[in-house]
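Peer 1: Given chain F, put chain V in place with the hints provided.
Chains F and V are the protein sequences, given in the same order. Here the first sequence is numbered in this note's numbering, starting from 1 and rising by one per residue. Here the second sequence is numbered in this note's numbering, starting from 1 and rising by one per residue.
Among the hints, erroneous ones may be present.
[As the list claims (entries may be wrong)] If we take Cβ atoms under 7 Å as the criterion, some of the chain F residues that face chain V in the derived model are:
1. K116
2. V120
3. S154
4. E155
5. Q238
Keep in mind the hints are simulated off the structure, nothing from the lab. Ideal Cβ placement from N, Cα and C applies to all residues, glycine included.
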Amino acid sequence: MSTVITVPPSLDDNTFEQVLEQFAHVVDHEKLLIDARHTRWASPYGLTALLALGHARTDEPAGFAGPEAEDTSSYWQRAGFYRYAEELFELHGTVPKARQGASDSNVLLEITPVEKSDDVHSVVERIQAKSQSILVHELNLDPQATMRFAMTLSEVCQNIVEHAGARGWVAVQTYRWRQRLLGRRVVVIAVCDAGIGFRKSLETAQGRRLSDRWDDAMALEDAVIRGVSRFRDPGRGQGLAGVRRYVGKWDGKLSVRSGTARIAIVPTWDDDVPLTENLPNFPGAQVQITIPERVEAR
Amino acid sequence: MIQHMDVGAVVLRTLCGLYSNLVTRPTGMAVRHAIEARLADRAVPSLTIIDFSEVGLLDFSCADEVVGKLLLHHKEDHTEAYFLVRGADDHHLEAIEQVLERYGLALVVMELSGSARIVGKVDDDSRRAWHEVQLRGRAAADDLLLEVGGPRERLVAQLDDLTARHLLVRADDDYVALHTMM
Chain F
1 MSTVITVPPS LDDNTFEQVL EQFAHVVDHE KLLIDARHTR WASPYGLTAL LALGHARTDE
61 PAGFAGPEAE DTSSYWQRAG FYRYAEELFE LHGTVPKARQ GASDSNVLLE ITPVEKSDDV
121 HSVVERIQAK SQSILVHELN LDPQATMRFA MTLSEVCQNI VEHAGARGWV AVQTYRWRQR
181 LLGRRVVVIA VCDAGIGFRK SLETAQGRRL SDRWDDAMAL EDAVIRGVSR FRDPGRGQGL
241 AGVRRYVGKW DGKLSVRSGT ARIAIVPTWD DDVPLTENLP NFPGAQVQIT IPERVEAR
Chain V
1 MIQHMDVGAV VLRTLCGLYS NLVTRPTGMA VRHAIEARLA DRAVPSLTII DFSEVGLLDF
61 SCADEVVGKL LLHHKEDHTE AYFLVRGADD HHLEAIEQVL ERYGLALVVM ELSGSARIVG
121 KVDDDSRRAW HEVQLRGRAA ADDLLLEVGG PRERLVAQLD DLTARHLLVR ADDDYVALHT
181 MM
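If we strip away everything but chain F, and leave its shape as in the complex, we get (with noise of 0.2 Å):
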């Protein structure tokens, strides 16, 4: 007898809390079976953290019964999700086939494991040719915002090879927000990984002396806040202090959930909570940046 996990209709970060809400119930080699049948949609951070829950499944691997919607699975697929949710499920139904050379113009860098540091390589690379006119032309921002959006995946993919200790995926694309923004488009970041965690990674810092408060929660307040890296080098933590200085230049959102704790940057556009804890818990750490098309004020 399977477990089985229901996917949401619309897959993003908040309704992936559902995913993991029963994902934290599940016993260890109990079969389980995620059940996306039914979901329509789903956002870069649905799809890479998919990726990351059956890359935390150690045991013995999850089944998938993929979206059965032919557009859905069909943009599942051009966005390279099945190529690696394969090596990481036992995939059951259909599986959409790959077509030579189908793309999708809102996918901006389609989902891409990051391991090593090559991997960041090839990834800046491939979103510096294809972000250009969407962020300049589409979202308004000024042509350095290309560079500077460039620096900021690939800080957040060297997160993955320089602390998670694991594979983790990487996904950008844009879409037009119609729950928020009046409809404005926006470009998302996603980087998931089920590795080490925040938390742990923390600990591992010589001579470091945890306070009696120490969980999640602080381990993303010091790693996101305030630039704390677990290597004594005083140059080590900058990459996510660069990160969060442009995305509130952007008026971006930026969100890393960890363990059991979340926080985010939030701008003025959203209502989300800067600090959630007691979130079911989830190993590695899961990013999403949000940066809208920019508007000029009126």
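Peer 2: Just chain V now, with coordinates in the frame of chain F:
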């Protein structure tokens, strides 16, 4: 002795032409080691021009390795080595500036227009004093008093501090702008 260090060329040489972008710590470390190897046998005092003209992207981690740690090591070793950056665009400088601020370091940057400025942690009064030397190319403290303002002791202390931080060169009683050594 003046050494021109084209970072783009160093990248090509050390990393076999794999990367046009300076991203990730291992890449930055490799580039810094290559620069340090080229600087190892030079006579002192020396001026090294770090040229970013051929560099695409420079991220914070790589800037920390290439610029931050390069300067830090030379500061710790008390070597009479001077560095000057040129060919850097805005995003290069943002990364470099963040790194320098973190270490409390500063660097002279030649802009594309030919003018120079200090990037990093230097207070406004010292910046003004440095700027006046820069305009003149070479000046004694007394030459600058009228423009910068007194008291003289404070101005001398500022100029000596700029010299100790390798943003100016001392030649007898004069303070000399780095670009005049080029």
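Peer 1: Hints first: check each against the structure and report whether it holds.
Peer 2: Each hint, compared with the structure:
no. : hint : verdict
1   : K116 : violated (9 Å)
2   : V120 : holds (5 Å)
3   : S154 : holds (4 Å)
4   : E155 : holds (6 Å)
5   : Q238 : holds (5 Å)
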